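Trainee: Note that the protein sequences, when read in sequence, are chains G and A. FYI, in my numbering the residues of the first sequence are 1 to 237. FYI, in my numbering the residues of the second sequence are 238 to 343.
What the hints contain is simulated information worked out from the structure, not anything from laboratory work. Here the structure is a predicted model, which means the values were calculated and not measured. Here a beta-carbon is modelled for each residue, glycine too, at the ideal position from N, C-alpha and C.
The list that follows gives simulated cross-link-like pairs (lysine to aspartate or glutamate, DMTMM-like), each with its CA atoms no further than 25 angstroms apart: (1) A:Lys321 <-> G:Glu112; (2) A:Lys321 <-> G:Asp167; (3) G:Lys95 <-> G:Asp128; (4) A:Lys321 <-> G:Asp111; (5) G:Lys95 <-> G:Glu112; (6) G:Lys95 <-> G:Glu126; (7) G:Lys95 <-> G:Asp111; (8) G:Lys95 <-> G:Asp14; (9) G:Lys95 <-> G:Asp3.
Residues from chain G that keep clear of chain A, each with C-beta distances beyond 10 angstroms, as calculated: (10) Phe5; (11) Phe9; (12) Glu126; (13) Tyr153; (14) Glu234.
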Amino acid sequence: MSDRFSAAFAGLRDTIPLTVGTTPFAVIFGTLVVSAGLPPEAALALSAIVFAGSAQFISINLISGGAALPVIWLTTLVINLRHALYSAAVQPVTKNWPLPWRVLGAFWLTDECFAVFERRLQTVGERDALPYYLGSTISFYLNWVGWTAVGAYLGNRIPGVATLGLDFAMIATFAAMIAPQLRSLTPVAVAATAGSVAWMAQGLPYKLGLMLAALAGVVVGMLLDSRRRRLVVEEGV
Amino acid sequence: MSDMLWAAILGMLVVTYVVRASFIVFGQKLRFPPAVVQALSHVPVAVLTAIVVPEAIAPGGHVNLSFSNPYLFGTLVAALVAWKSRNTLAAVLVSFVVFGAMRWLA
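Modelling step: build the complete structure from the supplied sequences, incorporating the hints.
Mentor: Encoded structure:
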């Protein structure tokens with residue numbers, strides 16, 4: 001029992017840098033929802049029952065911009081598809097967990113906790129993996145939901161919060177997430193394509209331009225990938 | 238909250254949960270074709286750029302390509318700082334200060 005407890009505590013402790021690092025974004029998210037004219041409950045509901053940072057941020061833009069429901073759902077799906085890779089990566093370990101814990105644990109699978117959990121598996125192994133995972137994910141989850149509530153409360157209290165330009169925080173965050181990846185031809189081409197198509201398709205209703213632009217970017221990326229594979233084969237590497 | 242908002246959020250829950258639960262709950266019967274994995278690797282850059290560009294060049298729906306557009310200038314600052322430092326939070330903070338200064342001075 002105490003082994004399990006200390007594993008859960010280790011999970012919480014190892015996640016602290018990421019818990020702290022995402023806190024400002026939780027506050028910004030909560031404030032942003034309110035400043036976009038949506039009710040504060042929407043901020044809490046998104047954090048508590050969707051629990052997916054980048055998809056949550058994008059959904060504010062889509063929902064307040066009048067996007068059609070299928071566009072909102074499809075965008076969320078596309079953005080979160082990477083979690084299937086994490087799900088596959090941890091499956092050899094989680095298959096030994098009781099079904100209720102697998103059902104619950106899957107809900108808490110995020111980029112951050114996946115990274116922490118992977119590292120634990122590589123350094124310590126599978127011993128007490130379940131309490132470790134729960135300590136990590138539940139502390140991360142409660143922190144995210146709690147600070148979202150603080151942000152939503154502040155957004156509701158501060159008069160004129162909608163005119164403060166907080167929407168810039170989301171754009172800046174996304175730009176700062178993309179930029180470091182732009183160090184080789186393929187990602188630069190993907191970004192250039194998606195950006196130009198998004199610009200040209202701005203007038204389309206229901207935010208359809210977003211899907212079109214993302215699709216165009218991914219297609220260009222895949223074309224460049226296959227061209228590189230061909231070159232590698234021709235050079236006989 | 239409106240029904241539309243609940244529908245949007247519950248739908249987001251369903252698609253997100255199904256993706257996360259895919260292998261953990263439904264087991265090893267699933268397989269990813271390599272082409273899908275390859276395509277997925279381009280998704281973050283494509284989607285995020287597609288969101289940022291229209292918001293930066295046309296805040297509020299009005300195209301403004303000059304440096305007097307704090308959204309455009311601030312976004313470029315965020316991208317540049319992040320590219321140099323690889324520190325997302327620092328980039329956001331610096332760009333927010335620049336953005337705030339531009340709006341305050343304007």
